[in-house]
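Using the sequences plus the hints, can you model the full thing?
Residue strings, one per chain:
2 protein chains.
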Amino acid sequence: MSCAALAKPMGQTDKSNRQIVLASRPVGAPTQAVFRTERRAVPVAGHGEMLLRTVYLSLDPYMRGRMNDAPSYVPPIGLGEVMGGSTVSRVVASNLPRYRVGDWVLGTSGWQDYALSDGTTANVVEGLKHPSWALGVLGMPGLTAYVGLLDIGRPARGETVVVAAATGAVGSIVGQIAKRKGCHVVGVAGGVEKCRSAKEDLGLDDCVDHRGDDLPRRLRAACPKGIDVYFESVGGAVFDAVMPLLNLGARVPLCGLISHYNDSAPPPGPDRLPLLMGTLLRRRITVQGFIVSDYYVARHAAFAEDMAAWLAEGSVRYREDVVLGLENAPAAMIGLLEGKNFGKLVVRVGPD
Amino acid sequence: MSCAALAKPMGQTDKSNRQIVLASRPVGAPTQAVFRTERRAVPVAGHGEMLLRTVYLSLDPYMRGRMNDAPSYVPPIGLGEVMGGSTVSRVVASNLPRYRVGDWVLGTSGWQDYALSDGTTANVVEGLKHPSWALGVLGMPGLTAYVGLLDIGRPARGETVVVAAATGAVGSIVGQIAKRKGCHVVGVAGGVEKCRSAKEDLGLDDCVDHRGDDLPRRLRAACPKGIDVYFESVGGAVFDAVMPLLNLGARVPLCGLISHYNDSAPPPGPDRLPLLMGTLLRRRITVQGFIVSDYYVARHAAFAEDMAAWLAEGSVRYREDVVLGLENAPAAMIGLLEGKNFGKLVVRVGPD
Chain A
424 MSCAALAKPM GQTDKSNRQI VLASRPVGAP TQAVFRTERR AVPVAGHGEM LLRTVYLSLD
484 PYMRGRMNDA PSYVPPIGLG EVMGGSTVSR VVASNLPRYR VGDWVLGTSG WQDYALSDGT
544 TANVVEGLKH PSWALGVLGM PGLTAYVGLL DIGRPARGET VVVAAATGAV GSIVGQIAKR
604 KGCHVVGVAG GVEKCRSAKE DLGLDDCVDH RGDDLPRRLR AACPKGIDVY FESVGGAVFD
664 AVMPLLNLGA RVPLCGLISH YNDSAPPPGP DRLPLLMGTL LRRRITVQGF IVSDYYVARH
724 AAFAEDMAAW LAEGSVRYRE DVVLGLENAP AAMIGLLEGK NFGKLVVRVG PD
Chain B
424 MSCAALAKPM GQTDKSNRQI VLASRPVGAP TQAVFRTERR AVPVAGHGEM LLRTVYLSLD
484 PYMRGRMNDA PSYVPPIGLG EVMGGSTVSR VVASNLPRYR VGDWVLGTSG WQDYALSDGT
544 TANVVEGLKH PSWALGVLGM PGLTAYVGLL DIGRPARGET VVVAAATGAV GSIVGQIAKR
604 KGCHVVGVAG GVEKCRSAKE DLGLDDCVDH RGDDLPRRLR AACPKGIDVY FESVGGAVFD
664 AVMPLLNLGA RVPLCGLISH YNDSAPPPGP DRLPLLMGTL LRRRITVQGF IVSDYYVARH
724 AAFAEDMAAW LAEGSVRYRE DVVLGLENAP AAMIGLLEGK NFGKLVVRVG PD
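Protein chains in written order, with our numbering: chain A, 424 to 775; chain B, 424 to 775.
Since the hints were made in silico from the structure, they are not lab data.
Treat the numbers as computed from the prediction; the structure is a model and nothing was measured.
For glycine and all other residues, C-beta sits at the position ideal for the given N, C-alpha and C.
Take the hints with a grain of salt, since some may be wrong.
With beta-carbon atoms standing in for the labels, derived distance ranges [as the list claims (entries may be wrong)]: (1) Lys552(A) x Tyr719(B): 49 to 55 Å; (2) Ala725(A) x Ala579(B): 24 to 30 Å; (3) Gly471(B) x Gly692(A): 51 to 57 Å.
Which bits of chain B does chain A cover? Going by a derived footprint, with three or more residues having C-beta under 8 Å, they are [as the list claims (entries may be wrong)]: (4) 673–680; (5) 691–700; (6) 706–716.
Listed below in structure tokens is the structure:
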């Protein structure tokens, strides 16, 4: 794939730096109007800096939280600021001894063609057949699945594991690791095609389409022994179907609640907070919210070694949903929150 | 204290066996009408049995759950069945080689003067200066406090620990262990006198009266660094005040929800289940429901050794609320659910 061939459809040039900034804070589901594209000069690397050209931009559900002006595990994006995000870039110019022109770098350039970096949040990714995988199965979503399932979920052979968003960036890895562990693994996904893929491509024992009628009944039928581990990233109707099926001693690693990210007000009553607490009490359930960044130091090395081996042996398969062109990032982000992506969502911003 | 002196006010004789049975299932708060007293013959120990005479009966919040016909961590009591409960008894007659007449036995005779036992749920309690303490600080409530705080709460020196029902059977032990661990310990209790005692007798740093106005504001003032461990046994307005103060990485051991036990319907909306899950996610909080019976094998020996030492050195103090006479058990149980007891509630059923 040559530079020239891809340059035009992706719109990336060396003449200017397209930036997508947060124009206004969304209320409910974001629309195109909350984003604005600006063109700036390509910055020049000063002393102790390097210039990165974005090749891949990762789109992830947590970004919706950063669009609100509310405290969360990552600080909000300011109005007029470039949308943040992890990126895989090429080094275009470098005044840093550890980085050479042409290196592939995993960084945090955000939604733009070019960014300066002092190297503190950039790591060279070497020897990857697919550099973009550093944003997915070999990166943050992969580690999220790994520590969430293994360290918090702690599934034992023969237990039933249910995974929400079963074909998504995190969920697809969770399900496959749980199968490797000898569990009965049931996915929940949106649509017939995703459910087919969860079974046929990812090898799950079953997958329940949350868009169909009577989700609670169908999930119950798929989990005849109840649920020992529920890997939660969705919330809403999926959690409501899961809750009555949780077994004594169940574990609920909680890394996201995508179905609620666009909520602008709490849903109507009755108030089920006491019901949830009562369920946790009576069935001795553990719910643990976690964020992957707490686990890099302790667990990244083991994760990287295991995941590389699992990919090589074929016991973990990985699917990307690649959107072409930075200009399509807003629509892709809006679609991500609606469950439209199929696999890990990345934007191809520029040519290799 | 002689047998004769106490026999009359407690009404226990060797002529008959008073039994308090569940007459009907309560809807909401139980009333006297849900209990019925029956008089039966004192049973006779057959082969492989012993006869126990109840001296102390423990009243505990979990008993409310057993009065409902709903699955929980202990099975429901059937209509017409004797109310269950832990007891400290004397062996009156024994056809079991391990038990001798006169032994003090911790068992499960329930709300009655006499019960047969085959020894499977009975343990001789030896050498206790206060045999009734086997129902409290040295028994189930003490172990609940010990494993809930130390194994699940895992408080570190300097962290803020908040304990609900701070002068209750479990909470009073939790608070004192947390003080031994070097934590900033804030109790929540009902009434000025309980709060005074939590500070002066138990040594807590502060105690907030949940019956006063504006609990959230007063709790916030008592926890200027937020809350790292919340030991939950209450729910309701206390949890509502705690939730916004929980710090990143907070732990919530959950052993009870007494404020909800009389609920006959969920409270009105909005539905705060998503708010709770979102809070757990954003602040990486762990909520873990637990039941003490899961911990006896692994932790009872360490608990018994530690607690005996702490009582001996005076770093843990213990207060009982002793109600005289089996006939007063129903009123005491109703009062327990209203927070009327002050310390561990036990019924003195018969003389030593």
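Exercise. Could you tell me which of the hints above the structure violates, numbers in ascending order?
Key: none
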